[in-house]
Amino acid sequence: MAANAPTLVPGTQHAIEVADLGVRYSLRFSRKTTLRQSIAQVVSRQRIEEFWALRHVSFTLIRGESLGVIGPNGAGKSTLLQVLAGIITPSEGAVDVRGHVSSLLTLGAGFDQELTGSENILLAGAFLGLDDKVVRELLPGIVTYADLGQFIDAPIKTYSSGMRARLGFAIATSVDPDILLLDEVLATGDADFRAKSKQRVIELVKAAKGIVLVTHDMNWVTEYCNRALLLEKGNVVIEGEPAEVVRVHEEHSARRKAEKQAELGTVAAAAGPLAR
Amino acid sequence: MLPFGPMSATSEAPAAFRHSAARPGPLALIREGIDEILSRRRLVRYLVQADLRKKGADTLLGNIWWVLDPLLQMVVYVVFVAIILQASTPDYPLFILSAILPWKWFTSSINDATTSVVSQERLIKQIQFPKIVLPVAATTAGIVGFGFGLIALGVIMLFYINRVSINLVFIPVIAAVQYAFTLGMALAVASVNVFFRDLGNVLRHLLRLWFYLSPALYSLSRLEDVQFFQDNPILLDIARANPFAILFESYRAVIYGTPEGGPLLPNWGALAALLLASIVLVALTTILFKRLEPSFAKVL
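Line by line, the protein sequences give chains A and B. For the first sequence, position 185 matches number 185 in the numbering used here, and the numbering has no gaps at all. For the second sequence, position 44 matches number 1044 in the numbering used here, and the numbering has no gaps at all.
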């Protein structure tokens, strides 16, 4: 153990290393595929379409860094988090994640409606692969942090969405992860809890843990992330200083907006004479 | 200073390295599957408990249905076969119940297993965990339903006290074979349903057909008298090799005995062969499941 210690000093070792990562989706199977469609595909020799949700993505996250991932919808932000969490296996390239990852990406997913709050904490702990003893030790802290009061012994189906989000956040951040993956969590809950969760994320960042955060809130990126990454159509556009990355992103989205409006304008102009 | 020193860092989970080129072989997949189930025993237990809670929670009579259900089904068949068709099997209620109970267990397990993976869609896209625990939990939860069904059996046996024999102690042995077979099927349907969402519809009809083709409402020896099977002895062999022919006949032997009311032991050879085949089936479907598992999060 002692021999390993020097390599684990914060700042000297990477927490995440991603090299030429690519994730390919085959559109042959989607969530609504039926036998009939598949047989029809085979019979008609339909070309199976594929697309790359991520391609040639490379970056390194040093321990203690907090990386903000931004980009338009469908850029591959969530796919990137899923790869880092080990949920999706890369189609090409390599991903090296060092340490325990916590990733209740969208909070409150996987809660069992019939079970009570505390039972769901135990279940979530089991899903996360934590020792039951550890979860039972963490339980009081989670209950206090989520501030659910008497509701902790009521079924989750009686919870408001804010309570659910609070519980999810409390579980995700209580497991003391080396690397925390967060997806748009800061938009949930009431203003009070938002402030409280910001506080908790800042604590985790300070505690020399790696964080990857997907968000649309640019203030968060500039204020609390020390690095940012802009994804567009599965490719890294720019990576570096948050302020700079956010500037590029805003430039790009302004341009896209202008293009879209111009397009709409020409469509309207073309439709104009016909309408008359 | 910070509460997280280097010592606590080394005690964390080891480096997790993932590479796109890594493709474990069949034996490695089987070992991985077994390891995952053993190391996540508690998760399986929690899932089973949640499943049972759900089934008992939204009905008026709760768990009483688990006892009532097979009894009502028995009444339907008794009215249909024994009274309307006037079949001459003695003590028909017990005869048919010995097939209804294992069949209910099998179909409910298969149905639950079919949706076990897709119903956890959101969670699968959120965290990494061994998906194999889901069909295993669904299959295991079915045992409890079977246990409640045995209460129904106990009630009915009171009316046929002369048929009670020591052979009843073999029910768990037969159930163990059935569990292995069910698990093998469950792993297959759970993984395939991710890719073909209409598998459940297909299965519903296949299962019904399977039930009527299996010696549930009639005994296997009845088939031997049918002209069609005498003309096609191969079909008769197939009917005998049907896993549920072996299971139904085994349950019926220990619960019902001979038609005259004497005690009867199951065909141990057939049961042993089925157990062996089931273990092979579980191994094969574990490989299938583990092969398809990496695609789950993408397809769901």
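Hints in this document: simulated from the structure, not taken from any laboratory. One or more of the hints may lead you astray.
Okay, derived cross-link-like pairs now, PhoX-like style, lysine-lysine, Cα gap no bigger than 20 angstroms in a straight line [what the hints assert, rightly or not]: (1) A/K157 - B/K1054; (2) B/K1055 - B/K1125; (3) B/K1055 - B/K1104; (4) A/K233 - A/K198; (5) B/K1055 - A/K157; (6) A/K233 - A/K257.
A short list of chain A residues far from chain B (calculated; beta carbon distances all over 10 angstroms) [what the hints assert, rightly or not]: (7) S38; (8) S44; (9) G86; (10) D112; (11) D147; (12) F151; (13) K198; (14) N219; (15) E259.
From the three backbone atoms N, C-alpha and C, an ideal C-beta is built for every residue, glycine too.
Now for the hints, and whether the structure bears them out:
With a C-alpha separation of about 12 angstroms, the suggested pairing of A/K157 with B/K1054 holds against the 20 angstroms cut-off. As the CA atoms of B/K1055 and B/K1125 are separated by approximately 25 angstroms, the hinted pair breaks the 20 angstroms bound. As the CA atoms of B/K1055 and B/K1104 are separated by approximately 15 angstroms, the hinted pair is consistent with the 20 angstroms bound. Proximity of A/K233 to A/K198 is assessed by CA-CA distance (about 29 angstroms); at most 20 angstroms being required, the pair is judged violated.
At roughly 15 angstroms between alpha-carbon atoms, B/K1055 and A/K157 fall within 20 angstroms of each other, so this suggested pair holds. Proposed proximity of A/K233 and A/K257 is supported: the alpha carbons are some 16 angstroms apart, at most 20 angstroms. At roughly 7 angstroms from the closest C-beta of chain B, the C-beta of A/S38 falls inside 10 angstroms, breaking its exclusion from the interface. Against chain B, the non-interface label of A/S44 holds: every CB pair exceeds 10 angstroms, the least being about 18 angstroms.
Taking the minimum C-beta to C-beta distance to chain B, about 4 angstroms, the non-interface status of A/G86 is violated against the 10 angstroms cut. The Cβ of A/D112 sits about 5 angstroms from the closest Cβ of chain B, inside the 10 angstroms cut-off, so the non-interface label is violated. Residue-level check passed: A/D147 sits 23 angstroms from the nearest beta carbon of chain B, beyond 10 angstroms. With a cut of 10 angstroms on Cβ distances, A/F151 stays outside the contact zone with chain B, its closest approach being about 18 angstroms.
Chain B leaves A/K198 outside its interface by the beta-carbon criterion, the shortest separation being 19 angstroms against a cut-off of 10 angstroms. Once the 10 angstroms rule is applied to beta carbons, A/N219 is consistent with being away from chain B; the minimum gap is 25 angstroms. The Cβ of A/E259 sits about 31 angstroms from the closest Cβ of chain B, beyond the 10 angstroms cut-off, so the non-interface label holds.
The earlier numbered hints that this structure contradicts are 2, 4, 7, 9 and 10.
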